[in-house]
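Engineer: So the chains spell out like this:
There are 2 protein chains.
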Amino acid sequence: MLSNKTTLMQRKVMFILLDGLGDRPCRELNGLTPLQKADIPSFDFLATNGMIGRHYPLGPGIPPGSDTAQLSMLGYDIRTEYPGRGYFEALGWGVKIEKGEVLFRVNFATVERDGSNLIVKDRRAGRISGKDAESVASAVAEMDLMNGEIKAVLEHTLEHRGILILKGSDLVPDVTDVDPHEVGYPVLEPQPLTSSPKAKKTALALKEFVLKSYEILKDLGVNVERKKSGLLPANIVLPRGAASKLHIPSFMKKWGFKSAAIAVGPLYKGIAKSVGMKLLEVEGATGLPNSNFKGKIEKGLSALESGFDFVFVHIKGTDVASHMKNPELKVKVLERIDDALESLLDLSADYLLLLTGDHTTPCSLGKHSGDPVPLMISGKGIPKDDAGRFDELRCIRGGIGTVLGKDLMRLVLNYSNRASEHGLRPKPVEIPYIPKPDQLTPLSLNQW
Amino acid sequence: MLSNKTTLMQRKVMFILLDGLGDRPCRELNGLTPLQKADIPSFDFLATNGMIGRHYPLGPGIPPGSDTAQLSMLGYDIRTEYPGRGYFEALGWGVKIEKGEVLFRVNFATVERDGSNLIVKDRRAGRISGKDAESVASAVAEMDLMNGEIKAVLEHTLEHRGILILKGSDLVPDVTDVDPHEVGYPVLEPQPLTSSPKAKKTALALKEFVLKSYEILKDLGVNVERKKSGLLPANIVLPRGAASKLHIPSFMKKWGFKSAAIAVGPLYKGIAKSVGMKLLEVEGATGLPNSNFKGKIEKGLSALESGFDFVFVHIKGTDVASHMKNPELKVKVLERIDDALESLLDLSADYLLLLTGDHTTPCSLGKHSGDPVPLMISGKGIPKDDAGRFDELRCIRGGIGTVLGKDLMRLVLNYSNRASEHGLRPKPVEIPYIPKPDQLTPLSLNQW
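Protein chains in written order, with this note's numbering: chain A, 1 to 448; chain B, 1 to 448.
Honestly, the hints are just simulated from the structure, not real lab data. Computed from a predicted structure; not experimentally measured. Wrong hints could be hidden among the right ones.
Copies of one chain are not kept apart here, so a pair can be met inside one copy or by any two copies together.
[Claimed, not checked] PhoX-like, lysine-lysine: derived pairs with alpha carbons at most 25 Å apart:
hint, residue 1, residue 2
1, K253, K228
2, K367, K254
3, K228, K278
4, K258, K200
5, K380, K325
6, K151, K207
7, K207, K218
8, K207, K299
9, K198, K384
10, K258, K294
11, K367, K380
12, K96, K227
13, K294, K198
14, K332, K384
15, K384, K367
16, K121, K151
17, K200, K253
18, K198, K299
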């Protein structure tokens, strides 16, 4: 319909997010980054068919979590529209979330007692899985806290991972993490983040849950058996990422796109679901370096052909290799992704491609950093820079420059011919997306 | 006087704004942009005598209106200091504006009835002008609305353009546009932007005005005649850009410059007037590609010699060519501007030159985009980069980098030796311009 009304074609958008894409020079690669080392002609071809650049997901030097980074890159304001990690995990796993509940992402972990403290030995209890993990999970599946005033429910998800739900009155997600996020440190006392009695109550309930989980699990049969077999016991549950239900405007409302997402991990699925993206399944997609990248990208293409305007393809393998501190593996993952990108080399295609990462995960660190992340916007009609191939160094000089994660959706609207001129309506900067005329109410002569 | 007090010479500033300057590669120019194609030795000479770069007027990817862009580039915060387009148009046309009035820019337009809707056929009623436009204007010059509670006055300006003033109590500029801004869409119902009864009342009054304008104009004699002659009737008035009087700090107060402006269109004149710039007239200045560019620039130079510290020269021809989707014309306009810039090639001159656009208007789109805009700061004492000639590609790598429109005045103060060190006074970042010592109150011994 729009084609009758405007001469400019509004392009569809393929957003490929390579988790942990950026990197630093690696000793194992003779001082090259994985992107520099990898043989990736498809990346390079796409880069020369558009512009490259970099983005700081949250701001220069700030290492982001995947959730805050991705939410911000999708154009949401993480100061007011971020419900906490636990919410996304729960949503992605299909947990029914009620208002007033407080949700946490949890790990089954291994701790060792040191005086009155519990020192974290392994944050994943030797990546416990299968029947062992099920036994541990069922031992702490439900718990009464604070003399029955609060109920704790634990939903086991994959391997050492789970979701904790606190139910009861006067609970708020304003508490700090129990998980110290590093091995060798003591399990932390949860602290209320505000002076409200609700935050204090939630912190006390959380503390009781963690201590009880240790009491229940430390001598549990399965853990005694694990120790006998030289395996690490899962003798505590470590919550983090307090969250509660939060209504976030849909991606359609915010940016005007009918959108779909292809992702595997509950966190990423949860982010997509929270903004109303339709989740699409792909066979062989694992969230690991061996995932079916080709299948994911082809599914994305077919989604664009079947009525979606925006497809978000999340690929986790790059980040997994980085967390394993394995640059050679990251090179291989990039080369496998490059093969999969061959489906996108058709220059006559009409969609815009945004390809970038949600943060840099340097293999040398094995964790997220606050470095800038390589970025490309490619496709028909996109102005070209002369920056050449796609890597950390070339992206410094690219035509996009260095922007923030929150700028990406504006750039996408601009280069997909979907941006409206600001100043057309009052208070322009407060309205992120200006609806097209056919999304607005026409003046009716009948009311006259 | 200042020369006795400080060793650094505070430079004067010439700000040449080429409306819609930036562009994208054009098929008609074999993939070059107009700046790349044009033979513009004066631009290039000036670029090598300073630094180049780019700016995003409002932010990456945001297509700005000329008013929000220029206000932001002059260092005003459009979140709090933007009165709405109608205000500038009215001010630039010399309309006396009272507090409490709500102002709109309007077009005489052509609509066709489709059931209960009115579909926009031409937003300018075939660029109606002369006696026809006068007849239409006088038919809707005054109107009583809401049973006489509100009065509507329409000031005809040029051709199809005018200003609508709503007078009465409890009116606010918080209503959306009636004009859909695109042909083929229905005229829109004005929506209150807040839940206040005043916004609702204003929206209702506006709606009544628009419907009445259609009732009055649809069978007006002049329109019947126009249709007979195959011309488009001006059968509706389409308001946009709700605004009201807003006190904006003067350019002197904000940045310490005694300033003048050379501009033709009412919008640009209005912007300059709203910040207290003195408007200077130039013979042969038309706001079109044939304008007297040389006269405008020479007038600017003589203003700097006769007591002004800052001259804002607005040139519209570049944008006109872009809106006409005519890259060859834009090349010609740039080459005519290049001739006019010859007056500025004197390397011994002491002023700083800021030359840029207020937005990119790609000829391929025929409308404003959110692309970055080429920029140069040139003159004696300005550090030089090695970026060479002045075009979109070279500006990526220029010494200024990619900044925001709101950064420009800070850069101007810095390179004109007028910036004070921040932190010298409390809350420095909230004070855009720190007055010079002789603009502040001296300590008086008499009060002791």
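Engineer: For this structure, which hints from the list above don't hold up?
Structural biologist: 1, 3, 4, 8, 9, 12, 13, 16 and 18
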